[in-house]
Amino acid sequence: MEPDAPLAPPVVAVVVVHAPGPWFEETLDSLVDQDYPNLNTLFLLTGGPLDADGADLEARILARLPEAFVRDLGDNPGFGPAANEVLRLVEGDAGFFCFCHDDIALEPDAIRLLVEELYRSNAGMVGPKLVAWDDPGVLQHVGLGMDRFGEIDPITEPGEYDQEQHDAVRDVFVLPSACLLVRADLFRVVGGFDPGIDFHGDDVDLCWRVHLSGARVLVAPQATVRHREQLDVRRPDLNHRVLQARHRMRTVATLTGGRRLATRSVEMVLLTVAELVVGLFTGRFGEAWASLRALVGLVPRTPALLARRGAIAKIRQVPDGEVMDLQNRGSARLTSYLRSRDTETFVGEETSVKRWRESTLASTLIWIVVVIGIIAASRTFIDTRVPAVGELLPLPESPRSLWNDFAGGWNPNGLGGSAANPTGWGVLSLFSLLWGFRMGLGLTVIVVGLVVLGVVGTWRLAMVFPSSRARLTALVVYAAVPLVPGVISTGRLSALVAYATVPWFVHLLRSAVGIGTADPQLTSEQLVDGILDPPVRERIRRTAVLGIVIALGVAMAPAMLVVVVIVTVVLGLTSLGAGAGWRTAMWFTVLGLTGAAGAYVLNLPWSATLSWRDVQAPELAGAPGRGLAEIVSMGIGGARLEILAIALYVPVLAALAVARSWRLTWAARAGGLVAVFTLLAVLQDRDALPFALPDVGLLLVPVALGMAISSATAVASFADDVAGRGFGWRQPIGLAALGAVVIGCLPAVLTVMDGAWFTPRTTLDELTAPYLAADDGDGGGDDRVLFLGDPRLIPVPSTDLGDGVGMGVVDAGRLDARDRWPAADDETRTDLAAIVRDIATDQTLRGGRLLAPFGVRYIVIPVADGATSTLADPLPIPVGLVRSLQAQLDMARERNPSAFVVFENTAAMPTVSALDAAVDEASRADTLDSLLGVDTGATVPVLAGALDDLEAAGDVPAGTIHLGVGFDDHWQLAVGGADVDARPAFGVTTAFDVATAGLGELTYRTPGGRAVALAGQAVLWLVALVLASRLGIPRILRRTRAQDETLLDLDDEAGADLPDLEESGLGGWVEELLERPTDEQRDGVRP
Amino acid sequence: MIVRRIPVLAVTAAVAVGIVAVGRKAVEPTPPTFSAMNAVEPWMPAAPVVTTPSTTWFCPGVPASGEDGVSGSVVIANADPGELRAHVTLLGVDSEPVEQDLTVAPHSRTSIDVGAAITSPYASAVVEITGGTGVVEQQAVRPLEGVATATSVAPCTTSASSSWYLAEGFTAEGSVEELILSNPYPQSAIVDIGFATQEGSREPLQGYIIPARSVKVIDMAEIAARDEPEVAVSVVASRGNLLVARSQIYGGADRRGFGIALAAPAARDQWWFADGEVGPGVAERYSIYNPGDDEVEVTPALLGRDADTFVPIDPLVVPARQVVTFTPADVEGMPEGRHAMVFGSNPGDLVVVERVLTRTFDDLPTTSVVLGAPPRYEDGYVATTWTMALAAEEAVEDALVVYNVDAVDAVVTVQAVGPNGLENVPSLTEVGLPAYGLTTIDLTDEAAVGRQLIVRSTSRVFVERLLPRGPEAQGRVGSWPLPVEG
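Quick mapping for you: the protein sequence lines, in order, are chains A and B.
With the numbering used here as the guide, the letters of the first sequence map in order to residues 1 to 1087.
With the numbering used here as the guide, the letters of the second sequence map in order to residues 1 to 486.
These are computed hints drawn from the structure, not numbers from a lab.
Yeah, the Cβ is synthetic: ideal placement off N, Cα and C, and Gly gets one too.
Keep in mind that a hint or two might mislead.
To be verified - Covered by chain B, according to a simulated footprint, are these stretches of chain A (three or more residues, beta-carbon under 8 Å):
id	segment
1	620-629
2	679-693
To be verified - Subject to a maximum C-alpha distance of 25 Å in a straight line, what follows is the list of computed SDA-like cross-link-like pairs (lysine to any residue):
id	chain 1	residue 1	chain 2	residue 2
3	B	Lys25	A	Pro876
4	B	Lys25	A	Leu689
5	B	Lys216	B	Glu96
6	B	Lys216	B	Arg226
7	B	Lys25	A	Leu679
8	B	Lys25	A	Pro690
9	B	Lys216	B	Leu205
10	A	Lys314	A	Ala94
11	B	Lys216	B	Gly251
12	B	Lys25	A	Arg640
13	B	Lys25	A	Gly622
14	B	Lys25	A	Leu680
15	A	Lys314	A	Gly258
16	B	Lys25	A	Ile646
17	B	Lys216	B	Gly174
18	A	Lys314	A	Asp185
19	A	Lys314	A	Arg216
20	B	Lys25	B	Ala10
21	B	Lys25	A	Ile643
22	B	Lys25	A	Pro618
23	B	Lys25	A	Arg686
24	B	Lys25	A	Leu628
25	B	Lys216	A	Gly258
26	B	Lys216	B	Asp94
27	A	Lys314	A	Arg264
From just these sequences and the hints, can you work out the full model?
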């Protein structure tokens, strides 16, 4: 400090710096230019020693401010905790701290004016007028109001121009931490910033405590500071919404007076519930959800909160009522809801900007209509249950057993086998929490939930459009396409999973790429995407979320993996074709494929057992005979008037024709999805592809999404690219597109009226149940059912037998959701298929005996499931099937409804049985042919339920105990306490030779490797969740480079012995200070 | 126009045009096929050519009443070099099935005396062969008036059917016609039985139950087909499969004889006969039965004569569910002598044709009924090789009648399965057979007597065998050997 500088109390400008960008030069310059005569600067580095461009930050600072103190904190504990370092590094109470963000630029007189006003008003804290960085004529903040719930109420409107309307000095409740001046002693007394608040709300908490201490908090608008205010852009890794809510709750919980705390707590609960309800219908559910999370999160933090309240009690100097008087009445949050006051970050060309978010009542109304429509269309499901059709099989009765099946090493599907069980079983088991473990309700929740999830995903994806109309169009179109009733009515759960997942996939993928909501005020034709590259960590996080979402989808529907890979490629290519640049295209491709690969890895080890046949559509003898119109209109199920949906192709072409700017890019992406997947669906349906693809239901999901996005693009383009122009060809096209959207959505009305998504009222599962009951009075033995016929009608994943015939094996009894996953019994199933082929080729008329070791008692030929095939229009029974089975000497055709044909195997053996001597001898051969001359019908069931429960006990006779599963020595039999070795039977199955009759215990011992595999999978999921989270390094583990040293003692500084604030009045040095210094003086006080 | 719009719009439009172009024409669905061989109507009894895990033969039924002179047997012939295992189940009327296992030594035949194992008016047999190929035929013997033993040989079949048809039936002049319905399956079969006479058609038995693993015998006279000179029968199961055979005992002045043979498992549009004769002492008649609902036009054609003896025959109109007879001798210009015949109708116009041939020697008529032989349904296959477990047990002249279907001269060789395996019959190694020609073959060579025989031709042929009625009886009974599946 120059010796002739006017005497003034010391001010330490505390700047918390986190990897700043080029703007930081202006921040430094503004500090250099300060005319305050006694200013010290302390820079606290929280983002490492380098800036955003990799330059040495300390050198950069010292080059401009050679006397500045610079300390690297090693990591970023958050603004408040970082700023609190000043309490250790600077001693003394005389003087002030001026806390600054690293993205502000102070006017040269800002600090001086703040100090002056602080003295003049005898305040404890004072803050400047914050204006926009790029446009100082636009106000950002002039202090902040706050309600009793900690909710900020900005005094200024976003984008409000500064016309000196807020230039009066006034008391405010909160000063933004971007720049505030606080008395050093006061700051020490109140304990600095709350160390428990890292980002968001640190200023609220500090100011509230200052109020409690009795000090005034003022805004001095004469002091002006430019502020970038882009924390959400600079730190996308933070969940800002959650942090805001959490810290708001914390502040209220710790600073509200004790007498009012109970009342406030109840109010908070009620308010949060109200937020949830209002948020649901205003598109701000995320904020309400964050509030709920924060509220619930207070519970486990109660001890810490109580301790904090205890500490704060010491600084309370004024009654709580007086502080409340300074707060706004009512709820700022609800007020903002009702006023639709909210801002949103829009992305331009590598920049982002906050603007008013368009919000209309139409959004609320249409959301209500869509939700009610989905509920109405599902009302039969809700009233009763989801009919068991196709893949829509009821959930197992117990989530615990489902989990045990997943965790165990035995896959009971098909003929059973030791295998890595589907991840989907674990997912379903865990998700059963959602329906309160009421498994009967679970399928309804899944079906309705998947529809809602898909619609919400589309809404989120449509956030790329700044216009509510466009978003709502996407929402409505995606909800209204006939694909939804098509896939539900035919029980295509896989397609429904894709319907729910694909929009989220595209949304998360574009988010990971960095594509945000385009700035509606940017009219540049060259703006091909509103894109802003996220930091690496954030990109990794978003990709991890992407991977998890796909993994969940793949766990339920393996074919999803193929669909998302194709979607990824299409998005990459169309981005390139639309001029989005190779970098965007590359990111689309790389991140999409990475997400898909991650999904595959997260589903290991089960995913390693998948083969192409598990993801492809059922193999038919040829084309199923659907016409082009049925495919393009998505008429693959029971929907009505679906032909009208062809109109939705009009906006696809119209959007491509009229859209401009970034809308054209999205029109191209959507058009690409529609074109490629429609083409694939048509070719697949005509059996014209050289390879098999997933079911046409899955292939049409991206088409539906493309239509939704195209329709939204058409609507957005009509407003932005067509309406304002002179009349020409664009107007008719635009109008035609809008009309087509309306026409295309009409079939949804009929779907809503049906109330059950056109699912059949009576299902094949119900009809077959009496015939295939697990306990059919045959003596308690367990049996299996062999389904033969058109694979589209077989209720479980089928094995292709060629020429359009499939085969599936299930345990007798009702099917459940587990059965829809492919079985893991390849070798044994191959043997079974060989027998069926022998029957087909008249190689034997003793097919029943050959099927006996597999426990097959019934052979069912489905004819009409009410969905894919109806009695009025049945799919043909495979040629020669009935005749071949009828020719068998050991199969008896049952009398049954015309919806299916049942043969009973009169030579059947229970799945666990004691063999008689003749069959015993035959079992020692290594071929099933040994059974041809043996009557197998005399075997005796034993140890019933063993294959279901994986253990059973009971009396077993001497002789051979046979298990109708492929040879597997994980099955262990002990009789009278002595283990009996397993041996192969008939060269295929498992048998035990029991020497002496006795009490037998049959158990399945899970392979040791299964536990290791499960642990590995758990680790993979944990890693993915950590990557997908915003978790940082715990504070306790962070490195702290700042040494516990005193950099500055305010009490030793010149001016420290000036009179106390209360004593100074407006005389002495203050008057001198209030005189604006000359340029020469200003130069003289530069550090 | 924004430049980047052009490629996107062009590609999308091109794909759209492509989709429309590709999908413009609807693709007919392809029905799934489980079993091509079971997709079509069953063929005539035939011998499988390859080894299968098991082959099941169904024998239509032989008398097993235990009466004097009445007997029946099932003969299993094994031409393979390995032993053959067989499990035989005998089904009777109102009696429990009788099962037995046996083995057949290589290159040999084994006969099962059915009457010794089961007592029943008629018993049918199910022979399940494992471990090799083999052919099974049945032989029935019963005394007739004036004849000590009348023997009937018929091949067994490897496939049951849900429908069976008989075009020829005769209950006049004291003749007895019985239907033998065998159900070898573990569930009851339910059938509708109808017949057609000169007065029209009737369906006297509907929902008739044949219990599982049993035999039912129906006397046609008892179901109102008494004293009918022409009775065609249809047996159609509404549930299950079965086997239907006819036991015919001719007792009149014009017809005399005994025969048991399988009915036709399906109506067809072509029926071939290798044997036929016009001349003194020979009565040849064909019965053509139309079980369908539409009138059918059937054209008979005379075969096996010189090309210059073409005899035009007017088509025959067979009304729905009616039977029409055709007598070659009634055709103007019909030459005397042996001939073959074929009856053809338009594709899809299905009929059943049987031939009744009565040859009279020493004032004793000998009548035999033979169902025509159809080409295989799915591919029109006609065998070049025929086999028979039962051939001449004594030297017989004109025992085989062979008709050459093809327009090329052919060579026929007869082989016998001897102790050392398959060997040519020395005198029958290269028998000439002209194109579209007919020939008869004597089985007088010692090497051919009492053995399983195989007839091989260089062309496609139909082969009928004419076996003696009995050791002491005059006359022959015609039947088809087993064509070998190709």
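Violating hint indices (sorted, rising): 25
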